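For my numbering, count along the sequence shown from 1 and bump the result up by 3.
I should point out that these hints are in silico values taken from the structure, not numbers from a laboratory. Since the structure is predicted, the reported quantities are computational estimates derived from the model, not experimental observations. Quick reminder that beta carbons are idealized off the backbone N, C-alpha and C, glycines included. Treat the hints with caution; some may be incorrect.
Stated by the list, open to error - Cβ pair distances, simulated, as ranges:
hint, residue 1, residue 2, range
1, G162, E74, 25 to 31 Å
2, N15, R135, 24 to 30 Å
3, A137, D37, 22 to 28 Å
4, W163, E17, 15 to 21 Å
5, G150, G70, 22 to 28 Å
6, V68, G21, 37 to 43 Å
7, D80, R168, 47 to 53 Å
8, S109, G162, 28 to 34 Å
9, G162, A66, 39 to 45 Å
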Amino acid sequence: MGTGIAGASIINGEPYGGAAGWAGEIGHTPVFPDGEQCACGQFGCLETYASAASVGRRYSQRAGVEGVKAEQVVSSDDPIAIEVWDEAVEALSLALATYTLLLDPSVIVLGGGLAEAGPALFDPVRTRLIKRLAFREAPPLVPAALGVDAGMLGAALLGWRAAGRPELGPGWVVDVRSGPLVS
């Protein structure tokens, strides 16, 4: 959750790409069908409301200022900031409820710059997700172990494999729960 919102579905420890490779593309899930037009051409996409870039952009437009970053919106007591942040949380909880009902994930991992908001993001999204899933438990929401570095490190691993090195380097540990990615 940074400039945009990407997603992945992991099934039995392997990424699932779907029929055309787009499985898990939660950023373009329509959450407000009559909402703003997304850069993709659809209307009301999650990414249009809840990416870090859109939070800053939407606040800037409403407040009549330029160059506002999402982290400034999250930490502000400004009524416009509160409104924009509430819309982002609402959009994300709607998309995650749909995702949960379709795929029944055991856990939802949120990462990227916007996830760095910590409890300001996780607490209200968790509360709304629980309310939306009236007949079942919500899966746990957890921050990505690698934080904002996850995409960069994943790209590095893909590059390593594309270079003909499918094995990891000596001493590298992929399981971030047991040690650093690169030691």
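Self-check item: Range hint 28 to 34 Å (beta carbons of S109 and G162) holds or violated
Solution: With a Cβ separation near 29 Å, S109 and G162 satisfy 28 to 34 Å, so the hint holds.
Exercise. Determine whether the Cβ-Cβ distance between G162 and A66 falls within the hinted range of 39 to 45 Å.
Key: holds, 40 Å
Quiz item: Does the Cβ distance between V68 and G21 fall inside 37 to 43 Å?
Solution: holds, 40 Å
Quiz prompt | Distance restraint evaluation - G150, G70, Cβ atoms, bounds 22 to 28 Å | solution = Taking Cβ atoms as reference, G150 and G70 lie about 24 Å apart, which means the hint holds.
Quiz item: Per the hint of 25 to 31 Å, is the separation of the Cβ atoms of G162 and E74 within bounds?
Solution: holds, 29 Å
Quiz item: Can the suggested window of 15 to 21 Å be confirmed for the beta-carbon pair W163 and E17?
Solution: Given about 18 Å between the Cβ atoms, the range holds.
Quiz item: Regarding N15 and R135, is the given constraint of 24 to 30 Å on their beta-carbon distance met?
Solution: holds, 27 Å
Quiz item: Should the hint that D80 and R168 are 47 to 53 Å apart at their CB atoms be regarded as holding?
Solution: Check passed, 51 Å falls within 47 to 53 Å.
Quiz item: Within 22 to 28 Å or not, the Cβ separation of A137 and D37?
Solution: Once the Cβ atoms are compared, 25 Å apart, the range 22 to 28 Å for D37 and A137 holds.
Every hint, counting from the list given before, is met by this structure.
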